[in-house]
Amino acid sequence: AQSVTQLDSQVPVFEEAPVELRCNYSSSVSVYLFWYVQYPNQGLQLLLKYLSGSTLVKGINGFEAEFNKSQTSFHLRKPSVHISDTAEYFCAVTLMNTGFQKLVFGTGTRLLVSP
Amino acid sequence: GAVVSQHPSWVICKSGTSVKIECRSLDFQATTMFWYRQFPKQSLMLMATSNEGSKATYEQGVEKDKFLINHASLTLSTLTVTSAHPEDSSFYICSARDPRQEVTGELFFGEGSRLTVL
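As they're listed, the protein sequences go chains G and Y. In this text, residue positions in the first sequence follow this note's numbering: the first is 1, and each later residue adds one. In this text, residue positions in the second sequence follow this note's numbering: the first is 1, and each later residue adds one.
Think of the hints as simulated: they come from the structure by calculation, not from any bench. Watch out, some of these pointers could steer you wrong.
[What the hints assert, rightly or not] Residues from chain Y shown here face chain G by an in silico Cβ test under 8 angstroms; the list is partial: (1) S90; (2) E111; (3) G112.
All figures in this text were calculated on a predicted structure; none of them were measured in a lab. Yeah, the Cβ is synthetic: ideal placement off N, Cα and C, and Gly gets one too.
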């Protein structure tokens, strides 16, 4: 079975600083990878996704992520964060050969941006 | 883009009562919807997969009689928490796949419903 690990439960950072949120996955078959953002008391919004092709994926709000197959990682990055980026970020995977029956989430990383 | 809407956003009920949460796909037909539960500061845990016109598929450890799921149409799935107790208090989120985007596996999420059982 596949699993997703987000090692950092919370990442504090100052406004305009760069940030990286880490995500590693475990799967015996190829996966599709996603990053979702959740603002307080709201559902999840897709930031970006990796399906195939270029390993560097650009998403909304200036975020990007790089798929590294050898390290089974899909870390999320932003060169300069804003206060409004404060939220919970979830990495997720789905297996390519299962008809996308399940989306498995990591435990989430809370990004705290302070002035 | 695909839009999924949940109602109500907040609900407070007394212990022992039942609560129904609705999940609607507004601009697409969803043959499959998913119900998640999220405890404070934790990740989303899949509760069940709701299939239009058939019985829901529940994850291990989820009580079928406690969490009743009905997917009577292609745009509506409901989750009923029966005889709710304080331990059922949580944030419930539904999601769906847009068949027009099936190849990506992407899910579209509702706004979530926070249930507080007194």
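Against the structure, the hints come out as follows:
1. S90: violated (13 angstroms)
2. E111: Holds. Min distance 5 angstroms.
3. G112: holds (5 angstroms)
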